[in-house]
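A.B. asks: Residues per chain, in single letters:
2 protein chains.
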Amino acid sequence: MKFCSACGSSVTQTIPAGDNRLRFVCPECDTIHYQNPKMVVGTLPVWEDKVLLCKRAIEPQYGKWTLPAGFMENHESTQEGALRETFEEAGARVEISHLFTLYNLPYISQVYLMFRARLLDLEFAAGPESLEVALFTEAEIPWDQLAFRTIEQTLRRYFEDRRNGSFDFHTATIERNR
Amino acid sequence: MKFCSACGSSVTQTIPAGDNRLRFVCPECDTIHYQNPKMVVGTLPVWEDKVLLCKRAIEPQYGKWTLPAGFMENHESTQEGALRETFEEAGARVEISHLFTLYNLPYISQVYLMFRARLLDLEFAAGPESLEVALFTEAEIPWDQLAFRTIEQTLRRYFEDRRNGSFDFHTATIERNR
Chain L
1367 MKFCSACGSS VTQTIPAGDN RLRFVCPECD TIHYQNPKMV VGTLPVWEDK VLLCKRAIEP
1427 QYGKWTLPAG FMENHESTQE GALRETFEEA GARVEISHLF TLYNLPYISQ VYLMFRARLL
1487 DLEFAAGPES LEVALFTEAE IPWDQLAFRT IEQTLRRYFE DRRNGSFDFH TATIERNR
Chain Z
1367 MKFCSACGSS VTQTIPAGDN RLRFVCPECD TIHYQNPKMV VGTLPVWEDK VLLCKRAIEP
1427 QYGKWTLPAG FMENHESTQE GALRETFEEA GARVEISHLF TLYNLPYISQ VYLMFRARLL
1487 DLEFAAGPES LEVALFTEAE IPWDQLAFRT IEQTLRRYFE DRRNGSFDFH TATIERNR
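Respectively, the protein sequence lines represent chains L and Z. Under the numbering used here, the first residue of the first sequence carries the number 1367, and numbering increases by one thereafter. Under the numbering used here, the first residue of the second sequence carries the number 1367, and numbering increases by one thereafter.
Isolated chain L, as found in the complex (with noise of 0.2 Å):
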């Protein structure tokens, strides 16, 4: 950030009384700007055995295979957010049971929600962001070709818990890259 929103002054960084942090603020209109972390939330589809992941048609990891999941919007609830990440990526419907997991990724300051959810129907299809959409039993997850360490963490916490004939909530930091 390098300019004001609100009116266009170049900001500077320093800490505003009775604030513990540098934010950018500006000098002319006196607006601080704060920045917050973002979410990201989706869903874990399931049909019988199986689970839906889409191969992504964008970067990051490009060709790789992930949970559909996205950027919460504004004026969405988390489950919305969901849904709509769901159909947007997979063409998918879905009906959302429960929280599954909330992974903090605060090296990029986003946090990840991902719901548990029933599948539909089979009219799924890959939406303009996912190159393919398939389901896959736990023996044909590509673990080597997942996109990102929060999905194959939901997927794996997912299968055992299913061994283990009983759903939990799961939460996890995720610290900077391996």
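Keep in mind that the hints were calculated from the coordinates and are not lab data. One should not assume that every hint holds.
Copies of one chain are not kept apart here, so a pair can be met inside one copy or by any two copies together.
Said to hold, decoys possible - Subject to a maximum C-alpha distance of 25 Å in a straight line, what follows is the list of computed DMTMM-like cross-link-like pairs (lysine to aspartate or glutamate):
#	residue 1	residue 2
1	1404	1415
2	1404	1454
3	1368	1442
4	1421	1526
5	1430	1394
6	1421	1385
7	1430	1385
8	1404	1442
9	1368	1461
10	1404	1439
11	1368	1446
12	1421	1454
13	1404	1527
14	1421	1506
15	1416	1442
16	1368	1394
17	1404	1541
18	1416	1439
19	1430	1495
20	1404	1446
21	1416	1487
Mind docking chain Z on chain L? Use the hints.
C.D. replies: Okay, now just chain Z, sitting in the frame of chain L:
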């Protein structure tokens, strides 16, 4: 948003190629300025049969009671943010156990994440944003003096679950004012 924070030019609102929503876009440097929901993170600190509340020393809702919570900052986890807010507002040291409630507030593009927590000692004290910090039994909670519906709902779910002898995770969407 009136000006581009990257180059200082006036922004316009258009739907970028491949997108389906109006965004603030800079016609000079082509930066797309996405705007996303913010997370409010906090705790429900418990000591024996009591919970810790803070009386707000700031607007909005000056003088009303709340659980310690605030906007999550970049480069922290949800749990770290909740601990930080608990210490800043109530001078309280807690141990977080489980994510307890997630409330969507789409009309103001916020998501509340409240964690159950165990108060580690009684050395709490009002921080600069609180007038007073105190412990309340269920019967003592000032229900008609609570600052936010997210806080009221979190407290109601807590006492219900405690009576039932088992704590669950609760999520709901809260719409614009009653």
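A.B. asks: None of the hints should be skipped; say for each whether it holds.
C.D. replies: Hints, verified against the model:
1. 1404 / 1415: neither (32 Å within a copy, 36 Å between copies)
2. 1404 / 1454: both (19 Å within a copy, 23 Å between copies)
3. 1368 / 1442: Classified as between; 23 Å across copies, 29 Å inside a copy.
4. 1421 / 1526: within (23 Å within a copy, 44 Å between copies)
5. 1430 / 1394: neither (46 Å within a copy, 34 Å between copies)
6. 1421 / 1385: Cα proximity of residue 1421 and residue 1385: across copies only (19 Å, versus 44 Å in one copy).
7. 1430 / 1385: between (42 Å within a copy, 22 Å between copies)
8. 1404 / 1442: both (14 Å within a copy, 12 Å between copies)
9. 1368 / 1461: Neither: 43 Å inside a chain and 39 Å across chains, both beyond 25 Å.
10. 1404 / 1439: both (10 Å within a copy, 10 Å between copies)
11. 1368 / 1446: Neither, since 34 Å and 29 Å both go past 25 Å.
12. 1421 / 1454: Classified as within: same-chain Cα gap 13 Å, cross-chain 44 Å, threshold 25 Å.
13. 1404 / 1527: Neither. Shortest intra-copy (28 Å) and inter-copy (30 Å) distances fail the 25 Å Cα cut-off.
14. 1421 / 1506: Cα proximity of residue 1421 and residue 1506: one copy only (14 Å, versus 55 Å across).
15. 1416 / 1442: neither (29 Å within a copy, 34 Å between copies)
16. 1368 / 1394: both (13 Å within a copy, 15 Å between copies)
17. 1404 / 1541: For residue 1404 and residue 1541, both the intra-copy (16 Å) and inter-copy (21 Å) Cα distances are at most 25 Å.
18. 1416 / 1439: neither (29 Å within a copy, 37 Å between copies)
19. 1430 / 1495: within (12 Å within a copy, 46 Å between copies)
20. 1404 / 1446: Answer is both; intra-copy 16 Å and inter-copy 16 Å each pass.
21. 1416 / 1487: within (13 Å within a copy, 48 Å between copies)
Figure legend: structure checked against the earlier numbered hints; hints not met, in rising order: 1, 5, 9, 11, 13, 15, 18.
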